[in-house]
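S.K.: Given next are the chains, with one letter for each unit.
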Amino acid sequence: MRYLLLLALCAVLIILLVGCDEMTHQPRYQAAGPGRLFPDGKAMQAPPAGAVAQDDRARAAALARRPAMSAALLARGRQRYDIYCSPCHDVAGTGHGAVPARGFPAPPSLHEPRLVQAPSRYFVEVITSGHGVMYSYADRVAPADRWAIAAYIRALQLSRDAPADALEATDRAKLDGARLDGGAS
Amino acid sequence: MPQIFTASADTWLRAGVLLAALGVLVTGLLWGGAIGSSYITAVGWVRDQPVPFSHKHHVGDVGIDCRYCHTTVETGPHAGFPATHTCMTCHSQLWTSAPALAPVRESLATGTPIRWQRVARLPDYVYFNHSIHVARGVPCVTCHGRVDQMPLMMRAQPFQMRWCLDCHRDPGPHLRPPDQITRMDWRAWDREGHADYGPNQAALFGIKPERMTDCTLCHR
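Protein chains in written order, with the numbering used here: chain A, 442 to 626; chain B, 95 to 314.
Just chain A, same shape as in the assembly (with noise of 0.2 Å):
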C-alpha cells in the first residue's frame, strides 16, 4: 500500500513535469533543422537533379529579359546594391570597401571604361556566376535584383561622367553657378 502510494505520487509528478514542456518542442522538423528521415540528417533537403521548381520558368524569364529603366528600378537596384555589393564594392562603386580594407582582394572600380562599356548583361552575368575572387551571388540576389542593380550601377557611373549638355537647364545653371563660386573663391 505504502509503495504503491509512492509510486503513484512519482508518476503524478513526472507528469506534471512532462508537462512544463508545454508544447514547445513538438516532434515535427523545423526548417534548418535535424531529420532523422533522410540520409544526411537535414530536414531541409537540395532538390534531387534533375527537379524544376514551380517558379524556374519565371525565374529564367526575369534573368533574360531586361526591365524598362524607373525610378522603382532604381531605387530597388539601390537598395540591393547597398546590401550585396557595397561591402566590397563601396556606395559609390569605387571599389574600397569595408571587406578589401580588411585584405579581401580589391575589386576593379565599376567607373574605369571597360565597364562603363560593359552591356548592363554582364553586370547580372557576373552577379549570377560570380568573376574571379567573386563567389555568385545566384542565392541571395533574384533575377529581377539581379537587373535593378545592373541598372543602379548605370546610374553610379553617370553620375560620375554624365556630359553636362545633358542636364537641364536649370540643373545647369546650378552647375555654372557653383563652378564660378568655386573659381571666385
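Everything labelled a hint here was simulated from the structure, so no lab data went into it. No experiment lies behind these values; they were computed from the predicted model shown. Take these hints with a grain of salt, some might be off.
To be verified - Derived DEER-like restraints, expressed as beta-carbon distance ranges:
hint, chain 1, residue 1, chain 2, residue 2, range
1, A, Gln467, B, Glu168, 25 to 35 Å
2, A, Ala494, B, Leu116, 51 to 61 Å
3, A, Gln486, B, Gly287, 43 to 53 Å
4, B, Gly126, A, Leu445, 32 to 42 Å
5, A, Ala513, B, Val137, 37 to 47 Å
6, A, Leu448, B, Asp260, 41 to 51 Å
The beta carbon of each residue, even a glycine, is placed where N, CA and C say it ideally should be.
Model the placement of chain B on the given structure of chain A, informed by the hints.
M.R.: What follows is chain B alone, placed relative to chain A:
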C-alpha cells in the same frame, strides 16, 4: 483501546509534507518572478556555438547589412541561416587559416551544414512570420536587440506572450520606415516629431489593433 493512526498514516503525512514543501517552493518561485527571470527567458545568455561568430564585428565594425546573410527575412517566415557559401564569400580570402574558422572550411569541404545553436527561438505552438513584420516596419533591433554590440549572440527580449502583445495591442509607436529596417541605432529617431508616423502607417497598412490580439493570429 483502538489505534488512532492507521498503518498508512505515516506515508500520508510524508506525502503531505512533501507536497506542501513543493507548493511553497513553486509559489515562492512564481512570487519571486521566476517566470520573468533570465533563467527562464534566457535573455542575455550566450550559447556555445561551433564558430564564435561575432555580430559586433560583422555588423558593427564592418557594417554588413543583416540581409546579406539572412536573405529570406523579407520574403519568408524564417530570416534564414546563411549557407556556408555565404561565409566563404569573404572567408575564402580572409582569415583562411584561422583555427576559429576551421568548422566553416570543413563544412564547405564536406557539404555538411554548421550546427548553429538557435538563440532566438519561439515555442512550436507559435506561428511567426518575419516577412510581414519587416514589410510593416518593425526593425530587427526591436526583437533581436543591438546585435552590433554583441560579440557573441544572445537573446535580447524575453519572447513571452505578454511581450508580443505589448506591441500587437498598440503597434503604432513601434513602426519605423521599412527602408531603414536593419538600422540598429534609433536614438536619433525623434519620437515626439514622429508621434503621428506610427498611427498613420498602421492606418495605411490597414492594421486593425482589435484583430491583432486574436488567438488564431499566432496560434494556428
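S.K.: Each hint should be assessed against the structure and marked as holding or not.
M.R.: For each hint, the structure was consulted:
1. Gln467(A) <-> Glu168(B): 25 to 35 Å: holds, 27 Å
2. Ala494(A) <-> Leu116(B): 51 to 61 Å: Given about 55 Å between the Cβ atoms, the range holds.
3. Gln486(A) <-> Gly287(B): 43 to 53 Å: For Gly287(B) against Gln486(A), whose Cβ atoms are near 50 Å apart, the range 43 to 53 Å holds.
4. Gly126(B) <-> Leu445(A): 32 to 42 Å: holds, 36 Å
5. Ala513(A) <-> Val137(B): 37 to 47 Å: 41 Å Cβ-Cβ, so the 37 to 47 Å window holds.
6. Leu448(A) <-> Asp260(B): 41 to 51 Å: holds, 45 Å
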